[in-house]
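Heads up: the protein sequence lines correspond to chains A and B, in order.
Note that the working numbering has the first sequence beginning at 1, numbered continuously upward.
Note that the working numbering has the second sequence beginning at 1001, numbered continuously upward.
No wet-lab data here; the hints were simulated from the structure.
Be aware that a few hints might be false.
[What the hints assert, rightly or not] Across the chosen pairs, the derived CB separations fall in these ranges:
id	chain 1	residue 1	chain 2	residue 2	range
1	B	LEU1083	A	ARG81	15 to 25 Å
2	A	MET1	B	ALA1199	34 to 44 Å
3	A	ALA19	B	GLU1122	52 to 62 Å
[What the hints assert, rightly or not] Taking lysine to aspartate or glutamate pairs in the EDC-like style, the calculated list, with each CA pair at most 16 Å apart, reads:
id	chain 1	residue 1	chain 2	residue 2
4	B	LYS1242	B	GLU1049
5	B	LYS1110	A	ASP2
6	A	LYS64	A	GLU77
7	B	LYS1231	B	ASP1097
8	B	LYS1110	B	GLU1151
9	A	LYS40	B	GLU1049
Note that CB positions come from ideal geometry on N, CA and C, so glycine has one too.
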Amino acid sequence: MDIVDPVGSSAATSRSLAARPASLEGVTIALLDNSKPNAKELLEHLGALLAAQAGARAVRVWSKPGSSVSATATVLEEIARSARVALTASAD
Amino acid sequence: MACVVVGTDEFLPLARAQSAARGLPELPVITVPHPIGGIAPGAAAAKAEPVATSVLRALTSAPSAPSVAGAATGGMRGAPSDLDEFQGWLMEQGWGDGLPAIPPTAERVKRMLAGTRRGPEEIVAVLVPRLGRATIEAVAANAVMAGALPEHMPVILAAVEALADPSFNLQAVQTTTHPCSPLLIVNGPIARRLGINAAGNALGQGARANAVIGRAVRLTLQNIGGARPGKEDRATHGHPGKYSYCVAENEAASPWEPLSVERGFSPADSTVTVCASEAPHNINDHGTATPEGLVATVVGTAATTGSNNIYLGGEPLVALGPEHAATVASTAGRRTTSGGRCGTPPACRGAVSRPRTSPASRRSIPRGSRTGLLQPSCGSPATGATSWSS
């Protein structure tokens, strides 16, 4: 028996990841807090560890307006302007 | 910008699905043991230490080459002909909801397509998180599986359109840990014509239209939208309405104008309003005969510790039976900012989702038009009251 695929096609298009720096020496690390409890604490500690281990210049934190909504375009643009690498969160 | 996602292991399937849907399946995801919430902040922070080296490597290593997208392309699939075998096979594909489903053969889907004048290739919406193209044909296949009839298609399609309205925030509703599911509230002539139950047990079993319309929309969200339970759908407990959640407003017994009219449509329009909702919670009050008393009972029931609407803010949906509705509406001058409907006007900040309304009858709506979709302002009391006989 043949059936009509109930999943259908996807509008996803393939993209390439950004090039990585060879090291974090002197770069600014962006942390995007997903506004879930303790996410900021985890990311900040991770940022501090990376800075200590790899010589990052600075670690800066941005937040989403709420855990169930996307980061604003303004925040994303600011992160892109300000930092070379970013850590985002997906957790609870 | 080089980016790495840091998550808990429970959220890995969702993070992977999200990166794939955004065309970046190779996006590094580094996980720590779940959870980070509900534990001491120091304990959450300490989870960073074992993964710091992995994160550093992911941020500084050349990414692997992009793979060719392996997304399903639609069309026909081979399936077991035996109906009993088909049920198990469907679950293995991740396309079922646990209840028996009808195979969406080409013949059955063709009959379903007779319920709409729209072409099978037309894209109704692109549904997140998968960015699945909800073509008329793909929605019809899910409608067949749900046991829907061709005449149910206009309601199903209107609901899918409303769910995809950006301000509804389907992304959050599909993937949140909050056990909510879109409740479909049908207004207008089509509700009566299809026999959508607005009376006793309206939110329960026993009415075919309610059951199959709600189920068709749920299967569409799961399959085309790619929100599979326990994977991308992160609901902690779920709720029974996630099988099917559809009701009509008892307009004849309501002392107020229909919800659809309150939201800007004509009484002659047939509409579907979608509202991300938890499971129903009964409000028991057999004694109060005053509007103030009944409203106090409603508020006292809603405002309980642990309620999402209290914890994060939201828009509670209050459904009154005709007797209670008559009591609340009985005192002249009681119509307030809630439009005469009973409920608490909460702050919108933090709300996962807001109700959307979409026309179910396309006869008066230009083909392909989004006309009629409302944009309620944040902060307005968006409580909708459905009323039915008890």
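> Which earlier hints turn out false for this structure, listed by number in ascending order?
Replying inline: When the structure is compared with the hints, numbers 1, 3 and 4 turn out to be violated.
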